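A.B. asks: The lines below spell out each chain.
Protein chains: 2
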Amino acid sequence: MKARFGKLFVVLALVFASVSLTACSAVQHSGKLEPIVIQEQGSFTAGGTVITSPGTFDPVKMTPEGQTFHGDHVYAFYQIPEKARKLPLVFWHGYGQFSKTWETTPDGREGFQNIFLRRDYPVYLLDQPRRGNAGRSTVARTIEPVPDEQRWFNIFRVGIWPEFYPEVQFPQDQSSLEQYFRQMTPDTGPIDIDVNSDAVAALFDKIGPGVLVTHSHSGGMGWATVMKNPEIKAVVSYEPGSNFVFPEGEVPPEKNSSGGSLKPVEVPLDEFMKLTKIPIVIYYGDFIPAEPTDIPGQDMWRIRLEMARLWADAVNRHGGDATVVHLPEVGILGNTHFPFSDLNNLEIADLMSEWLAQKGLD
Amino acid sequence: MKARFGKLFVVLALVFASVSLTACSAVQHSGKLEPIVIQEQGSFTAGGTVITSPGTFDPVKMTPEGQTFHGDHVYAFYQIPEKARKLPLVFWHGYGQFSKTWETTPDGREGFQNIFLRRDYPVYLLDQPRRGNAGRSTVARTIEPVPDEQRWFNIFRVGIWPEFYPEVQFPQDQSSLEQYFRQMTPDTGPIDIDVNSDAVAALFDKIGPGVLVTHSHSGGMGWATVMKNPEIKAVVSYEPGSNFVFPEGEVPPEKNSSGGSLKPVEVPLDEFMKLTKIPIVIYYGDFIPAEPTDIPGQDMWRIRLEMARLWADAVNRHGGDATVVHLPEVGILGNTHFPFSDLNNLEIADLMSEWLAQKGLD
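Line by line, the protein sequences are chains A and B. If you're matching positions, the first sequence starts at 1 in the working numbering and goes up one per residue. If you're matching positions, the second sequence starts at 1001 in the working numbering and goes up one per residue.
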């Protein structure tokens, strides 16, 4: 009898080990990671517009007459894992960035692309119109190499250059910093909230229902896109930085900081109400001061966190479901403006996974 | 006895079926494709340079003084399949294009990225400096939306706008053409052969030995990169379009066409000799005239095919192993300037697979 229980125990232990292995597949081992099984992957563009030159095309001269120019689309690379969950995650980068935001971290660890593929979510990474691989812009632009990386180091709250914040969740070696700086890419045309939200709305027309994950500048463009397409079933927004929309008559005053002002945007109530129909969660990292400071790279985030709270209040006042999580307040310390690629990004991913599960989006 | 042979036959048939299934995993079934098992995937930048503004960074003013600008790197997204072959394939796009060249085809089929992952090759897709996701350029540039797509339709030998070539291996629906046009992206700085070949050479320093696969404009930059890094163990070049290098004293005359001239480039013999140490194969598609024509989109390829043959002769004269395959001459008809994404791209991939096998590169 004892022997038989012994065997049963071994079998159960094996079953349990195999279950935990599956559940923990996102954990990064010191050795080789488990392979990712991809049922389908590829890329496409969505949305955009066409310029047509008047006249007839001449195949000898090939001057612009009668020719077209397709631009202002969004580009997306997608991967659908085997045994995929139902709702895909659509990841939208922030200002000056592109899909790299969600790919390999500056120090070579897995970003949210791989982490959420391992958690069985279909993953779409997009480049917004006039950025990265979606570079065909219908509006001209001059791009100049203006040295600006120490500014971004501060604004992205890695530290106050050349010092890293103490206990910051960012690798401090030279090679990581170099990869971080090189993950920026310029705008090939003016940033246009309408152009961008139209294109991402067109993406959701193509792929159907999904969860939009935004970062920084795409936060506000994300709200604009939700108001254009009901296929967006939820939003996870990391450190939204602009375009906080409020219904007519409820717009709070502009906020000021040493890093510039932040003006909320008025929209008709019936548009705003679309934001109350889906669950929304917003995360902000560490090193955001509670009181005004003359360091603009910090102070600009103080007013954004304040505005995000007012915004969530407005959404909830109208029956919505918006939550603002300031990570240090839930005991998660040291995060920069890029929590999803910080050293603790698996913990940050766990938080997002739990929220998706709570909202029945998994 | 008969029954036992019967059973044996069933078993053998099953083994055979399973073997053929593996061998044909790149074949696109009308239904669902087999999943792709990825051991590792991610992205990084390589090479590039840094501009530094004199002075000291001021965290309050955040003006350019004392700030840096990292640019002119190459960006790569890579995938390593489970049970990978030894040598990765590094795919380099052509003029006006980016990694999309090798991803999903305009009509939604699998491109060389997926096809060669299915054939167990590690695959790297790069964006050259100042293009796509590698947009940080150390030299300024103005980008303007000049309608030019009918010109490219002709130069890429899809047809003579608005007519498609008869029997062309290109989908003729509107949506495919739109995706094709939208897979272009502009340069964010001037094209610089040295900058680009330096960056791709730096990529090979990072990843070690591999096979370089080039297209069109990257063909000539590929020869330049081979001369900079012996980690490139072979080159597959689709329709190389410029920078044909010849040793001192052996440079053929410039060639002229209604689509402009093509001037070969002189290099020292000891540099040229590096191109004789590795196997090289060059493919050109269909619709290239044998005699001069006043249609520049055709005629410019006539002189390139002629020059490629002179170039291969020069390489082989010095003991090298270069082959030029003009696809119609081996019975493969209808290919455009993009054979690897044409309707018959699996046949084109088979040709490349066979060549890699012949040269012991698989």
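If you're looking for bench data, these hints aren't it; they were derived computationally from the structure. Mixed in with the good hints there might be a few duds.
[As the list claims (entries may be wrong)] Within a straight-line C-alpha distance of at most 30 Å, the following computed DSSO-like cross-link-like pairs (lysine-lysine) qualify:
#	chain 1	residue 1	chain 2	residue 2
1	A	K277	A	K83
2	B	K1255	A	K86
3	A	K61	B	K1086
4	A	K83	B	K1032
5	A	K255	A	K206
6	B	K1274	B	K1263
7	A	K61	B	K1083
8	A	K233	B	K1061
9	B	K1206	A	K263
10	A	K32	B	K1263
11	B	K1206	A	K32
12	B	K1255	A	K32
[Claimed, not checked] Examples of chain A residues toward chain B, derived with CB under 7 Å:
#	residue
13	T49
14	I51
15	A140
16	L346
In this text the structure is predicted, and so the values were computed from the model without any measurement. Note that beta-carbon positions come from the ideal geometry of N, C-alpha and C, so glycine has one too.
A.B. asks: Of the hints stated earlier, which fail here?
C.D. replies: Violated hints (numbers, rising): 2, 3, 5, 7, 8, 9, 10, 12, 13, 16; every other hint is consistent with the structure.
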